[in-house]
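As a plain string of letters, each chain reads:
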Amino acid sequence: MSEILVLVEQVEGQVKKVTLELLTLARKLGTPSAVWAGPGYSPEAKAKLAEYGAETIYVADSAEIGDYVVAPKAELLAQLVSDKSPAAVLVAATAEAKEIAGRLAIKIDSGVLTDVVGLQDGLVADQSIFGGGVNVQSRVTKGTPIVAVRPNATPVEAAAGAGAEEQVSVAVSAAAKAARIVERVKEEKGARPELTEAAIVVSGGRGVGSAENFSIIEKLADSLGAAVGASRAATDAGWYPHQFQVGQTGKTVSPQLYIAAGISGAIQHRAGMQTAKTIIAINKDPEAPIFELADFGVVGDLHQVVPQLTDEIAKRK
Amino acid sequence: MNIVVCVKQVPDTATERKLRSDDKTLDRDAADGVINELCEYAVEEALRLKEAHGGEVTVLTMGPDKAGETIRKALAMGADKAVHLVDDALHGSDALGTSYALAQTLKKIGFDLVVLGSESTDARTGVLAAMLAERLDVPQLTFANKVEVAGKGTITIQRVTDYGYDKVEATLPAVVSVVEKINEPRYPSFKGIMAAKKKPVEKLGVADAEIDASKVGLANSWSEVADFAVAPPRAAGTVVKDEGDGGVKTADFLASKKFV
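Quick note, the sequences are listed as chains A and B, same order. Count the first sequence with full-length UniProt numbering and you get residues 1 to 317, in order. Count the second sequence with full-length UniProt numbering and you get residues 1 to 260, in order.
Don't take each hint at face value.
Stated by the list, open to error - Pairs of lysine to aspartate or glutamate, DMTMM-like flavour, derived with a Cα cap of 25 Å: (1) B:K167 to A:E212; (2) B:K258 to A:D109; (3) A:K142 to B:D212; (4) B:K258 to A:E212; (5) A:K315 to B:D245; (6) A:K186 to B:E243; (7) A:K142 to B:D80; (8) A:K17 to A:E166; (9) A:K315 to B:D252; (10) A:K284 to B:D212; (11) A:K186 to B:E148; (12) A:K317 to B:D242; (13) B:K258 to A:D295; (14) A:K17 to B:D242; (15) B:K146 to A:E166; (16) B:K181 to A:E212; (17) B:K257 to A:D109; (18) B:K257 to A:D311; (19) B:K24 to A:D109; (20) B:K257 to A:E194.
Since the hints were made in silico from the structure, they are not lab data.
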């Protein structure tokens with residue numbers, strides 16, 4: 001079976017779920033090899049990658065890779081593609097990994113597909129475009145296919161791989177050091193899952209009414225182990241930080257369950273969430289377009305419905 | 001400072017967006033063309049940087065004649081002049097082809113800073129700025145919600161991340177992409193709209209910009225759309241009115257789907 005490179009997504013050494021999804025997907029198409037780019041590699045990380053099928057783990061455990069914007073990771077992957085001639089390179093369809101994919105595509109003169117939701121034999125990719133309105137099958141026609149796969153698109157299955165380590169030394173070029181990260185500022189609240197990879201997302205909109213009232217949304221999210229999102233109306237009003245905005249100019253999410261509270265469902269918002277598997281809407285306005293998408297909708301005041309729902313979930317646990 | 005803002009005309013997301021059945025490219029006639037929203041933020045940021053540091057703002061767009069409408073909008077906001085890369089040979093270019101054509105044009109017209117939106121509402125690939133930085137061999141300062149240029153050509157941005165932001169530093173020339181939080185785009189004034197009519201718009205074809213035609217266009221793309229279909233509409237769900245038990249009913253629904 002041909003080798004497929006999977007770029008590992010990690011936060012402070014913890015392998016993210018989307019990487020396990022990519023390994024699961026890669027196993028169906030060939031032999032997965034994980035690529036660790038940056039500091040923080042550990043026996044735990046190795047065990048996790050092997051548990052989900054990595055036959056080989058290329059380890060570039062270098063602080064330097066993480067100190068500059070995107071370019072060093074693209075250089076590392078380009079070097080591996082040249083050395084190993086894989087059948088494809090898979091990355092997560094996150095903002096940064098898509099940029100890595102873009103730069104890699106130019107370095108190795110290969111096509112790149114982004115926001116892929118499925119991958120068939122022959123590396124034919126399914127994409128969902130125009131906010132979920134059109135389903136596309138596409139493929140790379142030149143070079144080594146580079147595919148950015150959307151988090152939550154692939155069910156995760158464990159299947160042990162050898163997890164053989166191979167150290168990779170990478171000399172980051174001067175050009176790749178052009179944009180230097182001088183400080184990292186953490187603003188994320190608490191221990192909630194990351195928005196784009198959460199299985200459940202609870203979002204609040206204009207109907208929430210104030211920054212303080214977002215605690216209602218957060219409590220519901222915590223009862224479900226969910227991430228919190230917000231509509232543009234809510235982030236524009238300053239009620240919730242911008243990086244949690246779901247929509248056309250914010251994040252795209254495809255969770256198993258999406259709960260929209262006090263969100264009317266303007267195109268701006270729908271473009272970021274309508275590929276969720278199950279959608280629940282809570283809104284005072286029975287005419288709100290969000291109800292057209294919802295599998296289950298409640299016409300009512302979120303300030304009553306959401307706390308009651310949170311209590312009810314607690315009772316049933 | 002010589003600032004070039006790349007703008008894109010996209011189909012209005014409020015109208016139905018389609019692919020053409022013949023060559024599977026975007027059907028530009030099916031929907032109204034508007035300036036990509038994040039491009040307005042890019043134009044605004046370029047204008048603010050010019051106002052703070054002096055220089056000139058040039059608008060660059062690639063697209064058919066109709067895409068010239070986006071140039072007018074940016075000129076009316078206050079950009080000084082424009083370059084319109086327009087050639088039938090460019091039709092259907094993918095991200096690699098588009099980034100190549102734009103990079104060639106940027107090399108030709110020169111720049112200290114290239115500013116663009118972090119994503120377009122049609123293709124939504126989010127790769128173009130990174131590709132331009134790679135092709136132009138200049139620093140990549142992308143997903144910025146704040147941009148500062150200091151003396152001696154030092155540029156600092158806040159790069160939005162999942163956990164907050166990274167402070168990123170580089171020297172000019174550079175490529176910057178912006179997110180919507182960065183500013184509030186100005187509305188063109190009547191005076192601005194009138195002035196825009198007199199501003200120079202240079203039209204360049206593939207040969208003018210020294211673009212190798214064998215690297216652009218649908219037939220030379222690095223990827224292809226094999227097939228497409230309109231997604232089936234979501235089946236209508238159940239909608240209930242809250243009569244004091246809306247939360248309980250929602251919990252029942254969640255239980256039926258095994259979420260609780």
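Q: Report the numbers of all earlier hints that the structure fails to satisfy, in ascending order.
A: 1, 2, 4, 6, 7, 10, 14, 15, 17
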